[in-house]
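Guided by the hints, dock chain L onto chain W, whose structure is given.
Chains W and L are the protein sequences, given in the same order.
Here this note's numbering is used: the first residue of the first sequence is 1260, the next is one more, and so on.
Here this note's numbering is used: the first residue of the second sequence is 1260, the next is one more, and so on.
Simulated from the structure, these hints should not be mistaken for lab results.
Computed from a predicted model, the values in this text were never measured in an experiment.
Warning: the hint list may mix true and false statements.
Same chains, same label: a pair holds when it works inside one copy or across any pair of copies.
Said to hold, decoys possible - For lysine-lysine, the following DSS-like pairs were computed, each having C-alpha atoms within a straight-line distance of at most 30 angstroms:
hint	residue 1	residue 2
1	K1872	K1706
2	K1868	K1706
3	K1868	K1756
4	K1834	K1868
5	K1706	K1756
Number of protein chains: 2
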Amino acid sequence: MSTMTADSVVQEQRADEAPLGTALNAAFEGAYHERRAAGRALWPSEGMHRDPAMGLTDAREWTLQRLKTIARTGMGHSIQPAESADRDTLIQSLVDFEIISYGDLSVAIKSGVQHGLFGGAIAGLGNESQQQRFLDGALDLTVLGCFAMTELGHGSDVASLETTITYDPDGDEFVVHSPKESSAKTYIGNAAAHGHLAAVFGQLIVDGHQHGVHCILVPIRDESGTVQPGVTIGDHGHKGGLLGVDNGWISFDSVRVPRDLLLDRFGSVDEQGHYRSSIENPNRRFFTMLGALVRGRICIGGGAAVATRRALSIATRYAERRTQFRHPGTDAETPLLDYLAHQRKLLPAIARAYALGFAQNELIDTFGRVAANPGHAPNEQRALETLAAGLKVFNTEFANASIQLCREACGGAGYMSENRLTQLRADTDVFATFEGDNTVLLQLVAKGVLTNYREVWGGLDRLGMVQASARLVGSSVIERTGAGLLAERLVTTARRKGDAAAFYDRGWHAWMFEERERHSIDSLARRMRAADRDSFDAINAMQDHVLFVARVHMERVVLDAFIAGIDACTDADAKQTLQELCTLFALTSLEADAGWFLAHNRMSDARAKALRKQINQLCRELRPRAIALVEGLGVPAQWLGSAMLDD
Amino acid sequence: MSTMTADSVVQEQRADEAPLGTALNAAFEGAYHERRAAGRALWPSEGMHRDPAMGLTDAREWTLQRLKTIARTGMGHSIQPAESADRDTLIQSLVDFEIISYGDLSVAIKSGVQHGLFGGAIAGLGNESQQQRFLDGALDLTVLGCFAMTELGHGSDVASLETTITYDPDGDEFVVHSPKESSAKTYIGNAAAHGHLAAVFGQLIVDGHQHGVHCILVPIRDESGTVQPGVTIGDHGHKGGLLGVDNGWISFDSVRVPRDLLLDRFGSVDEQGHYRSSIENPNRRFFTMLGALVRGRICIGGGAAVATRRALSIATRYAERRTQFRHPGTDAETPLLDYLAHQRKLLPAIARAYALGFAQNELIDTFGRVAANPGHAPNEQRALETLAAGLKVFNTEFANASIQLCREACGGAGYMSENRLTQLRADTDVFATFEGDNTVLLQLVAKGVLTNYREVWGGLDRLGMVQASARLVGSSVIERTGAGLLAERLVTTARRKGDAAAFYDRGWHAWMFEERERHSIDSLARRMRAADRDSFDAINAMQDHVLFVARVHMERVVLDAFIAGIDACTDADAKQTLQELCTLFALTSLEADAGWFLAHNRMSDARAKALRKQINQLCRELRPRAIALVEGLGVPAQWLGSAMLDD
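In isolation and in its complexed conformation, chain W is listed as follows:
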């Protein structure tokens, strides 16, 4: 494209617009394109947007009714008992959440609470009889439920929950109790207004012995909506967004619950009052139960990604039609998208949206493979959890940043609720801290990466470690699987070229991403070995390094996925455009960390200085295809619901 004049590009693009957008979308959605298209075909789009002026009570009722409309199509129903879960259904549950995220995000989150978390707890932690008794009602919304894990005092540190679930042999019952004010379950969706039954997490105590966190179903309201004795429910009221979700707090005053309501797949109490578990180690048992959270994280990341795509579609379409200031030498005014500053806002964000989308596809692959295979190895589960945590962080922080960017790119119009951007922004805001706080999740990612590292390097003493590293300079310690193998081959070639590699050389990008990751892991591992592991201060002093490792690891994983996604693309035009987008993504990432690459001698001064020019050039070349690029992101224009795009 770079040799063509701007006009000829525009003309060529106009003729090809629909096909390029369509082809990009097929490539972008990859193996799940047909499934997503089927979801869009099923989607009841009429009435999908809530009036942003609706007050709390109306918004909650609207959200419930809208969720019922959606649930009637079967969306949200793909939650199966863990034992019989098949790959197709598991994947469908993720795609359902993406599709629901095309509409009001309160509805999506309410579905997440009801189907994913409450239904997921029954399906994942309950026994067969509990699944038969409760799962259908959870899916068809006849029993509205809560997922009561977080407490006022403990959010990230779930292992320290204070709620107790004590077995009382006299009544053959459990007593669910909130010993302190800080034990109240907080920010619980479906609690303030609609929930009947709560899946409550607490410390299981049997005969004076504590067995760690377990989950029990507690009736909190009867069918008429009356709160049950011993249960106190509070309303969190107005929030920064998601007004349609009725978040509340729940406190228990020695509430008695029949023994058969303990979700006891991983730990049960029998008629004689004996505790049994198939998993001996309480720590491993706890993490196995928490494994059910992984779907929630994948959904939140996927929903945030859809919100981002909606915002980018709105802002890009607006920037194409909105003009400001006369174009020199003409009578016409200049479309915003013709300004370099505007291109540099939107196009790198679009490129990153593509990158994260390809990575999300790979996460879905991994989830389907691992979760559908009950016999999967622990390291597969760890890889899945690491990827899910990392992409949840990347997708949600990018949603916040990019939707805000889109809002500002639309000026005053962007601030009017009828144009949808501020509501998207307000609703996704909390995605950064729920289903795992992003800062905590990044530490989980780093832990996963370092565990991997230890496995590769296990058994070496500190000296051996350093020697091994020294021997391996120039080759890779990054363990790559699946999508990453292609990138690995490109790196090998790029290493041979060294600094002579072109700016658009994918191998050079992959090599740089790998170097950044490898060096930062090596140095962190060395610091950790040298540190006193029992000293809070010593470990705390590395926290920023830990977060950096998590970020650069994920950034490399995302690039690998983009490379694999391009490789799988069969349309020549789409492939060419994806190549340019991938280069834009890679160079933007390199530019943001130019200080690191220079200080660590991975890039020459001249190359670092030239990055900006290369990025500007790519923006100019991609600009005429901007509408096709957002078409490729898969949000149908007629669903954007943005008044300023109406005429």
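This is chain L only, laid out in the frame that chain W set:
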């Protein structure tokens, strides 16, 4: 502090807490400390916070009533006729807006619309008789007014407004008209519900000649609230925030207005229908009229800064009391603020809040000096407008980023409206694009800087330019005045030390900031001289460079102001703390641009790598004084209105 143990620091800090916070606040508020303290004493704090669940209609009514309560104290009244404006009153109008920003921001913006913009238009653009007729009513709220400048089709490009103000000699009247749909005045505060009179900007046409943009008062509603004939008003309804401000659009269908309602201080039509102006050049006349906007920009920047300080105060106080995860080797849990990752979120943000506050003080100085002196030189006006534009950008983008950071730092609690962070975030969001879009304003800053540059280098041909640059390597082309002179002296000393300067050497910081600015201006000026100035593409290709120049110029100005503020501090403990904060601000800025400094050989690899460690160290040292630091920002704890800090 660095040689003390953490415990002794805590104890020392506990004993000194109030004094340090008080002393910091006195230094931080500088020459305006007493005036601000007086404003706080006057502030009617009861009922200062609006219930975030309030709907549109109630919120608008609440905001109007609250503004009346505030106006009764005299706040907002310091708007005087331009001819008689004195320094004290000019400055008081800025401080009033800061104080009002301690409360609901809809009220602050409504005051800004009513007092600052509507009142300001009458005071600044009206003749003596118009001032006598309308100014009192604008200030005491008996006449509610609009500032109708922005149109649907033209926001940033105000010179191209479409509304016409045509003189009709037959009726000796003006005809105000919106020729197209895009001519409607949009996003106008006080339009949707409350306004009686609008200050309308449009193209003045007399006898077929167009004289450029002028402002006329148009009655839009009578006393009973009935919309006047020919006027159509629409309601923008729900917005991303500022729900208490009744923004609407106004369209005019040949509305006839008496001749004496044209605000004609800079351009009038006499009884014979002849146009007269004291300013011959229409372009200069236009910009003189727009000069009235400068106060609005200073206020918006100041209001954003207060919002940021409120959020930082909330998040820091929460991080001090909120614990999570057991502290190794103890039974206690660790306060969030003990974690390095949390320190690195909040402490550099606090340091930047201080930096911007000192710079804002200097902007107030400049405004008082320039605006109170009708005989000021054009370059003084330009310097004022450049500084106001730049600080408006810096304060508003920092408000958005830092309030979001505070929200996330408070987790789920931060998302609950009762804790105030999401409302602050939603309300300040639009500050980034109103009163001048930030991207456009940065270009204005760069233009101001380059004009300065041209004055210094004027008359040199391209070769002469390059030679002059070469000769001056090692000295400065940065023109410094006032607060900057101290920094200039420090730079001179630091240059002699070169790379041997310590990390905390203020001269080294100032030198680096200066180098970044000087080099980027030099290279931009060279590119501009080489480019075809009539080619859109050639100028457009430099837009990112232009924005970079604006940013690094402002960053240097902010550091200069911080240095001057420390110099003026008379309390030894506060001074020491300010020194550490200034170093944290400077190193954070250097770290963010490390790529630039390395690629341009202004910093060694070793130094760039060590920045992170230095910043971490500063965070650790400042952490025990965190509460005093936010006390110094001047937001009384009892005004934070955050439920989670209540007990």
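Hints and how they fare:
Taking identical chains as interchangeable, the C-alpha atoms of K1872 and K1706 lie at most 30 angstroms apart only when they sit on different chains, with a minimum of 22 angstroms there against 37 angstroms within one chain. Taking CA atoms no more than 30 angstroms apart as the test, K1868 paired with K1706 passes between copies only; the shortest distance there is 24 angstroms, against 34 angstroms inside one copy. With identical chains, the CA atoms of K1868 and K1756 are at most 30 angstroms apart both within one copy (20 angstroms) and between copies (27 angstroms). Within a single copy, K1834 and K1868 get their C-alpha atoms as close as 28 angstroms, which meets the 30 angstroms cut-off; across copies the closest is 39 angstroms, which misses it.
In this assembly of identical chains, K1706 and K1756 lie within 30 angstroms of each other by CA distance neither inside one copy nor across copies; the values are 34 angstroms within and 43 angstroms between.
Violated hint for the displayed structure: number 5, the only one.
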